[in-house]
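Chemist: Here is how the chains run, residue by residue.
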Amino acid sequence: MQTAVGGGVLAIGLALAGGAISIPSAAGYGGVGPNFLPWVVAISLIGCGALIIREALTGGFRAMDEPSGAEHAYWPAFAWVSAGLLANAALITTIGFILSCTLCYVLAVQGLRRASGQPAGDPGGMAIDVFTGAAISAPVYWAFTQFLGINLPGLTSTGWL
Amino acid sequence: MDILNALLQGFATAISPVNLLWAFVGCVLGTAVGVLPGIGPAVAVAMLLPITSKVDVTASMIFFAGIYYGAMYGGSTTSILLNTPGETATMVTAMEGNKMAKSGRAGAALATAAIGSFVAGTIATVIVTLFAPVVADFAVKLGPPEYFMLMVLAFTTVSAVLGKSTLRGMTALLVGLAVGCIGLDQISGQPRYTLGKPELLDGIEIVLVAVGLFAVAEVMYAAMYEGRSTEAQNPMSKVYMTGNDWRRSIPAWLRGTEIGAPFGCIPAGGTEIPTFLSYATEKKLAKGENLAEFGTKGAIEGVAGPEAANNASVTAALIPLLTLGIPTSNTTAIMLGAFQNYGIQPGPQLFTSSAALVWALIASLYIGNVMLLILNLPMVKLWVQLLKIPKPQLYAGILIFATVGAYGMRQSAFDLVLLYGIGVFGVLMRRYDFPTAPVVVGMILGPLAEAQLRNAVSIGEGSFTVFLQRPMSLGLLVLVVAILVLPRLARARAARRLRTAR
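Chains A and B, in that order, give the protein sequences. Per the working numbering, residue 1 is the first one in the first sequence, and the count goes up by one each step. Per the working numbering, residue 1 is the first one in the second sequence, and the count goes up by one each step.
I should point out that these hints are in silico values taken from the structure, not numbers from a laboratory. Keep in mind that this is a model prediction, so the values were computed, not measured. Certain hints may be false.
Claimed, not checked - Derived EDC-like pairs: lysine to aspartate or glutamate, alpha-carbon spacing no greater than 20 Å straight-line:
{"#": "1", "chain 1": "B", "residue 1": "Lys-283", "chain 2": "B", "residue 2": "Glu-293"}
{"#": "2", "chain 1": "B", "residue 1": "Lys-102", "chain 2": "B", "residue 2": "Glu-272"}
{"#": "3", "chain 1": "B", "residue 1": "Lys-287", "chain 2": "B", "residue 2": "Glu-272"}
{"#": "4", "chain 1": "B", "residue 1": "Lys-164", "chain 2": "A", "residue 2": "Asp-65"}
{"#": "5", "chain 1": "B", "residue 1": "Lys-283", "chain 2": "B", "residue 2": "Glu-272"}
{"#": "6", "chain 1": "B", "residue 1": "Lys-297", "chain 2": "B", "residue 2": "Asp-245"}
{"#": "7", "chain 1": "B", "residue 1": "Lys-164", "chain 2": "A", "residue 2": "Glu-66"}
{"#": "8", "chain 1": "B", "residue 1": "Lys-164", "chain 2": "A", "residue 2": "Asp-122"}
{"#": "9", "chain 1": "B", "residue 1": "Lys-238", "chain 2": "B", "residue 2": "Glu-272"}
{"#": "10", "chain 1": "B", "residue 1": "Lys-284", "chain 2": "B", "residue 2": "Glu-258"}
{"#": "11", "chain 1": "B", "residue 1": "Lys-391", "chain 2": "A", "residue 2": "Asp-122"}
{"#": "12", "chain 1": "B", "residue 1": "Lys-283", "chain 2": "B", "residue 2": "Glu-231"}
Using the sequences and the accompanying hints, generate a full structural model.
Modeler: Here's what the structure looks like:
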């Protein structure tokens with residue numbers, strides 16, 4: 001897995017180098033053009049990726065702390081939280097900030113509850129989660145749209161929902 | 001006298017009811033953010049960056065400074081009462097603070113942390129007041145080559161010195177620099193890495209990266225790996241210091257300030273080194289019974305010193321931010337982003353072009369420190385209640401605030417998808433021990449450094465030797481090389497000695 005991380009870094013470096021090819025140099029009389037830094041970054045990242053792979057293959061990452069928490073990821077929780085965030089991204093402009101964030105909250109809380117071994121999914125608990133989610137998102141929405149004048153999408157154009 | 005006059009002017013601005021209110025709200029929010037696990041000052045400031053489009057610049061900088069400061073006070077509460085230290089800055093406080101709390105002296109530890117933060121914060125603010133204008137006067141003389149080398153110095157220390165692995169720190173920095181490249185090149189107007197998407201022409205907002213890496217990644221990481229981790233809360237006791245506690249704390253506060261302030265001033269950043277140094281000093285100076293308390297019952301000096309060092313360096317870090325425009329931590333990097341949103345570039349000119357703003361900001365630091373002392377001493381029991389919020393609800397709630405920050409900046413649902421992607425990336429970084437601060441610093445400072453580099457090379461008529469020809473940039477270059485090479489040489493020599501000894 002550490003090798004894969006190194007491979008990922010290497011791949012980012014290569015992708016950046018690929019992108020850098022299409023940036024014109026246009027250095028003018030300064031000698032350093034807009035493609036200079038991208039090339040430096042791309043080449044250095046390729047180098048870092050290679051070194052990370054070498055570390056991974058020769059005894060693992062150096063000076064690394066044991067990551068905190070469980071040894072293996074709890075993927076159902078990841079799925080729930082991802083669902084919440086992506087649903088939010090997909091729906092926020094159509095159903096408005098309050099409803100969309102409440103949905104995101106409810107989905108994420110399901111995952112987090114399961115992760116900590118709490119019971120989740122019963123209708124009573126869900127109802128409480130929906131209520132809590134709305135009780136956080138609604139005041140946040142009002143504070144930002146009414147007092148600070150920041151545009152957040154609403155279901156209606158009243159500024160209250 | 002000029003400074004005193006300017007400062008008084010600043011106070012006149014800062015004590016207007018509106019600004020006082022912003023400072024107060026900032027301090028309250030900052031303390032809350034510091035107390036709550038899973039969310040720190042950098043992400044709080046980042047989430048609130050959208051307000052820069054509506055709120056006046058002085059008010060919002062006072063507000064952000066309040067959050068920045070408040071989180072330092074609040075953070076010590078959590079690290080003393082919970083067994084998991086919140087941020088790196090309070091890790092050292094946690095070592096002795098936890099021991100003290102376990103032996104029933106949580107109150108004294110909280111008191112010495114809060115009063116120590118106040119003492120150090122105030123002394124460091126005086127240092128900022130006196131020295132920032134001097135540094136600004138000096139900094140006017142710096143040209144692009146010197147600026148570029150200063151920024152390289154900041155990059156080097158943030159990525160190579162502060163983390164555990166130079167390789168992983170550098171990788172993180174390079175990723176930050178790459179993100180900073182996305183968008184229109186500021187000098188030639190060339191689009192870079194935009195993949196033909198108009199959304200990317202403006203670049204990636206700092207809010208997205210900060211909120212994604214710190215908030216969303218934190219929530220995902222907690223859900224995936226830390227669901228079963230349990231933490232015990234230490235019992236609270238009366239917030240009170242005995243005469244002996246005072247006698248032991250006062251010198252420790254002063255020593256901590258003395259150690260912390262210089263570290264904040266240099267564009268190298270980080271609170272780990274000064275807090276550890278202060279801890280080591282206190283332990284070395286302790287004698288007899290006091291020494292025996294270290295690591296057993298918990299020694300009060302071990303909380304007082306590092307906490308003061310922490311606050312002093314955090315405050316003094318405003319000097320390089322305001323006078324050179326060089327941020328040395330996550331939060332100062334994002335505050336630099338806030339200045340940029342107003343079209344203000346912190347740097348030596350700031351003290352002349354935006355004098356009223358700077359001095360109001362500095363004055364608000366004095367006021368904020370007093371507010372925070374009051375908020376954190378008599379009212380600490382209230383803040384402790386925040387630790388009772390159950391984790392699932394707390395973390396899911398953080399996502400709502402993350403949405404506000406990410407969406408409020410550009411009103412784009414595309415940004416929310418990016419936010420998710422950055423969050424997943426952050427989980428990987430955390431799992432494989434890549435530091436995140438270099439990403440943010442690289443992203444913010446990268447474009448500035450690139451501009452300085454290109455100006456410098458233009459001055460040198462296309463030749464890079466310009467960096468060697470000017471004494472100060474050469475000196476900085478030598479320093480950067482020394483920072484990278486010396487620790488390695490020392491390690492290699494120690495290893496060799498170990499081998500010959502065998």
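Chemist: Going straight from one Cα to the other, do Lys-283 of chain B and Glu-272 of chain B come out at no more than 20 Å?
Modeler: Satisfied, since the Cα-Cα distance of roughly 17 Å is no more than 20 Å.
Chemist: With a cut-off of 20 Å on the C-alpha distance, tell me whether Lys-391 of chain B and Asp-122 of chain A pass.
Modeler: holds, 19 Å
Chemist: For the pair we were handed, Lys-287 of chain B and Glu-272 of chain B, check the Cα-Cα distance against 20 Å.
Modeler: With a Cα-Cα distance of about 25 Å, the restraint between Lys-287 of chain B and Glu-272 of chain B is violated, given a limit of 20 Å.
Chemist: Lys-164 of chain B and Asp-122 of chain A were given as a pair; does the straight-line alpha-carbon distance stay at or below 20 Å?
Modeler: Violated, at about 45 Å.
Chemist: Would you check the hint for Lys-297 of chain B and Asp-245 of chain B, treating anything up to 20 Å between C-alpha atoms as holding?
Modeler: Roughly 14 Å separates the two Cα atoms, so the pair holds.
Chemist: Has the given pair, Lys-283 of chain B with Glu-293 of chain B, been kept, meaning a C-alpha gap of at most 20 Å?
Modeler: Within the cut-off at roughly 10 Å; holds.
Chemist: Need the status of pair Lys-102 of chain B, Glu-272 of chain B: alpha-carbon distance at most 20 Å?
Modeler: Since the Cα atoms of Lys-102 of chain B and Glu-272 of chain B sit roughly 24 Å apart, the hinted pair is violated (cutoff 20 Å).
Chemist: Please work out if Lys-164 of chain B and Glu-66 of chain A have their alpha carbons no farther apart than 20 Å.
Modeler: holds, 12 Å
Chemist: Within 20 Å, alpha carbon to alpha carbon, are Lys-238 of chain B and Glu-272 of chain B?
Modeler: violated, 29 Å
Chemist: Taking 20 Å as the top limit, are the C-alpha atoms of Lys-164 of chain B and Asp-65 of chain A close enough?
Modeler: holds, 9 Å
Chemist: Verify the proposed pairing of Lys-284 of chain B with Glu-258 of chain B, using a straight-line Cα cut of 20 Å.
Modeler: holds, 16 Å
Chemist: Given the hinted pair Lys-283 of chain B and Glu-231 of chain B, is their alpha-carbon gap at most 20 Å?
Modeler: violated, 28 Å
In summary, the structure is inconsistent with hints 2, 3, 8, 9 and 12 from the numbered list given earlier, while agreeing with the others.
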